[in-house]
Structures are given as structure tokens and as C-alpha cells.
Amino acid sequence: MRRTETGELSFDALIGPHLDAGYRTALAILQNPDEAHDAVQESAFKAWRKLHQLREGSPARPWFLAIVANHCRSERRTRWFSVIRMPEMERVDPEIQTENIDIDRALATLPREDRLALFLYFYLDLPMEEVGAVLGVSPGGAKTRVYRAAKKLRPGLEMD
Amino acid sequence: MEKLRSEIRAAFEKEQAAHPPITSLRQNVVAAVTARPRRAPNYQWMALAAALVLGILVVVGLMSTRFARHAIAPAHTQPTATASASPTAAPAVDYGPPPAGVPLVYVQDSKNAAWLIGFDWTGKARGTVKMPAPLDTSRIGQAPDGSVFGISPNGKGGYTEFMDTQGNRIPMDPSLSDWPVNASLIWADDGQHLCGIWFAPRGWALITRLPAKSPTSVPVAIDPDGAIVRSGVIGVSMAGCSIQNDRAILTRSAGVDDHLWVVRISDGKILSHRTYAANQLSNFVASPDGALIVENSAKSVGQIAPAAPSTIIRRASDMSVVLTLDASIGVLGFNSDNSVALVYTTPWAAQVQTHMALIEVQTGKVLWRYEGSQELAAFMAQPNGKDFAVMLKGTADSGMHPSISVVLVRSDGSTTTVPGNYVRL
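Each protein sequence line maps, in turn, to chains A and B.
According to numbering that gives the first Met the number 0, the first sequence is numbered sequentially starting from 0.
According to numbering that gives the first Met the number 0, the second sequence is numbered sequentially starting from 0.
Calculated from the structure, these hints are not laboratory results.
It is possible that some hints are incorrect.
To be verified - Using 20 Å as the maximum straight-line C-alpha spacing, the simulated EDC-like pairs for lysine to aspartate or glutamate come out as follows:
#  : chain 1 : residue 1 : chain 2 : residue 2
1  : A       : K150      : A       : D113
2  : A       : K142      : A       : D101
3  : B       : K2        : A       : D101
4  : A       : K49       : A       : D11
5  : A       : K150      : A       : E74
6  : A       : K142      : B       : E1
7  : B       : K129      : B       : D119
8  : B       : K212      : B       : D119
9  : B       : K385      : B       : D144
10 : A       : K49       : A       : D33
11 : B       : K2        : A       : D33
12 : B       : K2        : A       : D11
13 : B       : K385      : B       : D288
14 : B       : K212      : B       : D172
15 : B       : K212      : B       : E160
16 : B       : K268      : B       : D222
17 : B       : K2        : A       : D113
18 : A       : K45       : A       : D11
19 : A       : K151      : B       : E1
20 : A       : K150      : B       : D119
21 : B       : K364      : B       : D325
Computed from a prediction, not measured in an experiment: that's the story for all the values here.
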């Protein structure tokens, strides 16, 4: 199916399979299901308008997830209620980051971009190339970011 | 690293499992997006073209006044083209107007998206509701008895308009504009009222209202020191609302300690309040009359991290334990006399088969068991009755409008499968 002829069917075929991952990414960033649903819809609209920018043969998933991530970052910067709903949580003292630390709480204290890197790599199981594309860095940069974020959870961690 | 991967996955999984995407996400988004123009019109070119045309018209007009005689001709009214819908759906069976006063379970006709078919609790089709336009099923919800339909503007639970069983819009009370009609609402046990919890400018308020009518609001002191609001992570919702017993069950799950409040609806008085350690439970479920509450262990939704060791059914009046279930079991709901509960015995997750059972609440005895290959799409408890309607879909059917089958499960464990496949509301 040629992208120049993209209509509802081809858009659905191209982006539809990634809407679920887009919602989950938005939820991981915004941590609010309603806002995540809005974000994935707005991101899909941006993708619809920018579909010609997706090069033939390029994978649609990292391209679309990058749009979602950018939209969520923008939302968090601009919408007043994000301040109310998502205040920065208390930082955990590095001294107590041991093997036994509650991973949920530790994840909650990570900077947003670190958390996103872990989410993309460990939860969505994206390869480093796609993690990098979503984060806007090279695959090597993505690997470094994932490693650094993981190391904040487990200071003694050695990367595979 | 693998251990850390598992832990991180589990942590994210729990977060994600608490707020799964709406079932029709793909359909809704694709339909909404592709309905919009692909690119914004270029107004500069439009303005330039308009100016050019205007200039030509002015010149031609001036020339015509000099070189041509004025023609006087009667004005002809061109017939106005009227858009008419071209029916593309195959003819659907019309069961006639639904009978008044008979509780019905509604599904969308798979052949006509504007029609809803109502089945009674014996599985017999009893009526067809013909809506004025095709419906997005993610935005419509029926009252427990099917007497009214709520239409949500965004599929997020708040209803901004209501339709009757004739497919007519119910006029809204003008004073509703002062109220948060978009607030997430649940149907009360009387099948008439809607209930919700709302953070009003002066504090938390419990709202009850009839469809399309102005609500009643009472303050409820679930956050006397403002800690919940200050925390920024609200997570307060309503698990149950019984007008008949004057009782509402409020919960808070926000990644920190979980809370459960039993509240008197008429005056907002908190009758009991219980707190739970964070991340131990997946959710709370309340019986329609607010008499029973369930603490579903997080293990029931597949959490790998430590979770509550059991799923527990309690009496809301004194929090005494009625039944303790294995942590892998989660309660979906109760029938109207609380004699049986519908439970899932495998995690209820998208595109995974859902095994279920119907159990006696007093004894835990299994009355019916489902271990098929389909996934639970939705369920309903019979209003003022003892049965459940279970809607199943294929696990591979991740389409926009998954085809469902409806099975009526009686409190004695017998079942009736409604013939045909439909689209769930």
C-alpha cells in the first residue's frame, strides 16, 4: 500500500497496531488514563498530518512513539493541571537504593526521561535502535541512558 | 540484569494494568483522525486567489456597465440538494419497540450500527432501539435495567446526554450547566440514579442525580487536611452506590496507601474508613447494595511483585470477613441479593483467555465454571435478580468492534447462550 494513497485503511494498517503502545507510553509519562487517551488521539492526528514525512521503508512504531512522547512532554510543560496531578515526588536518598528497595517507589522517583527509557526498553521491549528513535538519541546514546537509569535503581548493576 | 528486567516489567505492568486502554481505542482514534482533513488549508493561497477573482469580477463588472445592456430576468430558485444517507448495512431484524418496565440487556446490532437489540434475562430478543445515527459503542452505556442510555462525549464515563428507549434525546435540566456533568458517574442500585464523587471548589462532594436532572450534592470529608489534593495524585473513585441503603463505597488507589470509605449518601457522613498498604491490591469491588466490599489481591491481575496474600470479601458494615479466596482469584461483581459472585480465575487482560467461575458467597462453592478460549469483554448483573450476563470475545479479535456472544449465567449454574453475535455497549 503506497503511503501517498493513505486513507483510513492504510492509516489504520500503518499506525493502528501501534496505538496501544502509544497509549501505554502516554500513560507511563502522564500517569493519567484520561490524559493518555487524549494524548494518543492528538498524536495520531499529528501522525496523520505528517505521514508524508515517514520515509518509505522506515518503521512506523518508533516514529509514532516519538510523536507520542513529544506530545506528552509538551502537555506536561503547558497544562496547568499537570502541576496539580503530577508533582515531582521526593527523591530517594541514593544511600538506601539497595537490592531490596521497592522498585515501584524507586521508579516513581526517577526523572521522567530515565523512566521513559526504562519503559521503552524493559516494558515495551523495543530494540535500542527504536528506543533511541523515540528518545531522539543514537542507539548508543539510548543504551547509555537505559543503563544509567537502571543503575539508579540498582547502583551495583553491570550492563549485559 | 534479568532480575531487574523482571522487576521493572512487573512494576510497569501493574501501573498499566490499572488503566488499560479502552477496548475500542484503535477504532475510535482511526475514525476520529481520518475524519479530519489531512493538511490544514493554505489560507494565504486562498486569500490570494479570492483577491484575484474579486479583482477580475470588479473589472468585468465595470466593463459590463459600459458595453452591455442590463438583462432583466426572473430569479430562479435552484433546488437544494439534500444529503441522504445511503444505507450500506445489511437489513437487520427489527424486534419492535422495547416493552416498558422489562429489564433488558442491550447490544449493538452487528448489521446496523444505529440499532440496539434488547434481550430479556431469558435470552429472548424483546425490542430494538433505533438511534438517530450510528453509535460509537464506547460512548454509550445503558442503565442497569436498560430504561435509559447515557451518551459520553469522549468514552471516559461522564454522560452529557441521555436517550430513551425510543431513541429520543431526553431534554436536559438547564441548571445542569452549573454542574460537572462530565464527572465520572456510576449507576446506583436502584437503576435510576447516577452517583459520583467530585472535588468541588470547597471540597469533596458526593453527587447523586437522575439522568438529565440537576444533581444533589453533599460534602464528604474524605480529605480533611487536604493531603489528597496536595499530593497531586487523586485516584478517588466510587466503587458502589446504593440509594436503597443510603450508602456509597469510595476508594482511592494512587500508588501510595489505598483507602476505602463507606459513606452515608444522604449527609456525606463517613461510616468507616480503612487503609491498605500500597501495591497490595488490584482494585476494590462493591456489591450493588453496598453491603459487601472486595479487596482483590494484585496477584489476581498477574502482579509478580509481592501482593495481598488473599482476595477477601468483607461486610461493609463491620468489615468482618465473609469469604477468603486465593490471591489469584479476583471478584468481578455480585448479583443483586449477594448470594453469588462472578470471579475470574486467570488474570483478566487483553487478548488472553479469561477463565471465570460463579461462586456462592457464603460457602465459596463453585456453581459454574468457564475455562474456554474466549476473553471476557463485559458482564452485567441482573437488576433485582440473581443472574449475570457474560459477554465473550475471541482473544485474537482486536478489531475496532469485536464480535461478542452473550451468555446468561444463572445463580444455580445453568446457562443460556443468546444466539448470534453482536457488538457490546
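For each hint, the structure was consulted:
Taking the CA atoms of A:K150 and A:D113, the gap is near 10 Å; set against the 20 Å cutoff, the hint holds. At roughly 24 Å between alpha-carbon atoms, A:K142 and A:D101 are farther apart than 20 Å, so this suggested pair is violated. Of the supplied pair hints, the one linking B:K2 and A:D101 holds, its CA atoms being roughly 14 Å apart against a limit of 20 Å. For the proposed pair A:K49 and A:D11, the alpha carbon gap of about 15 Å is at most 20 Å, so the pair holds.
Proposed proximity of A:K150 and A:E74 is contradicted: the alpha carbons are some 28 Å apart, above 20 Å. At roughly 16 Å between alpha-carbon atoms, A:K142 and B:E1 fall within 20 Å of each other, so this suggested pair holds. With a C-alpha separation of about 17 Å, the suggested pairing of B:K129 with B:D119 holds against the 20 Å cut-off. In summary, the hint linking B:K212 to B:D119 is not supported, as the alpha carbons are separated by about 28 Å, beyond the 20 Å threshold.
Restraint check for B:K385 and B:D144: satisfied, since their Cα atoms lie roughly 14 Å apart, inside the 20 Å limit. For the suggested pair A:K49 and A:D33, the alpha carbons sit about 24 Å apart, so the restraint of at most 20 Å is broken. For a cut-off of 20 Å, the pair hint linking B:K2 to A:D33 is broken: about 32 Å separates their Cα positions. Of the supplied pair hints, the one linking B:K2 and A:D11 is violated, its CA atoms being roughly 37 Å apart against a limit of 20 Å.
Among the hinted pairs, B:K385 with B:D288 is consistent with the structure: their alpha-carbon atoms are about 13 Å apart, no more than 20 Å. Taken as a hint, the B:K212 and B:D172 pair is honoured in the structure, with Cα atoms around 5 Å apart against an allowance of 20 Å. With a C-alpha separation of about 10 Å, the suggested pairing of B:K212 with B:E160 holds against the 20 Å cut-off. The suggested pairing of B:K268 with B:D222 holds, with an alpha-carbon distance near 13 Å, which does not exceed 20 Å.
Annotation: proposed proximity of B:K2 to A:D113 holds, straight-line Cα distance about 19 Å (limit 20 Å). For a cut-off of 20 Å, the pair hint linking A:K45 to A:D11 stands: about 14 Å separates their Cα positions. Taking the CA atoms of A:K151 and B:E1, the gap is near 16 Å; set against the 20 Å cutoff, the hint holds. Proximity of A:K150 to B:D119 is assessed by CA-CA distance (about 58 Å); at most 20 Å being required, the pair is judged violated.
With a C-alpha separation of about 13 Å, the suggested pairing of B:K364 with B:D325 holds against the 20 Å cut-off.
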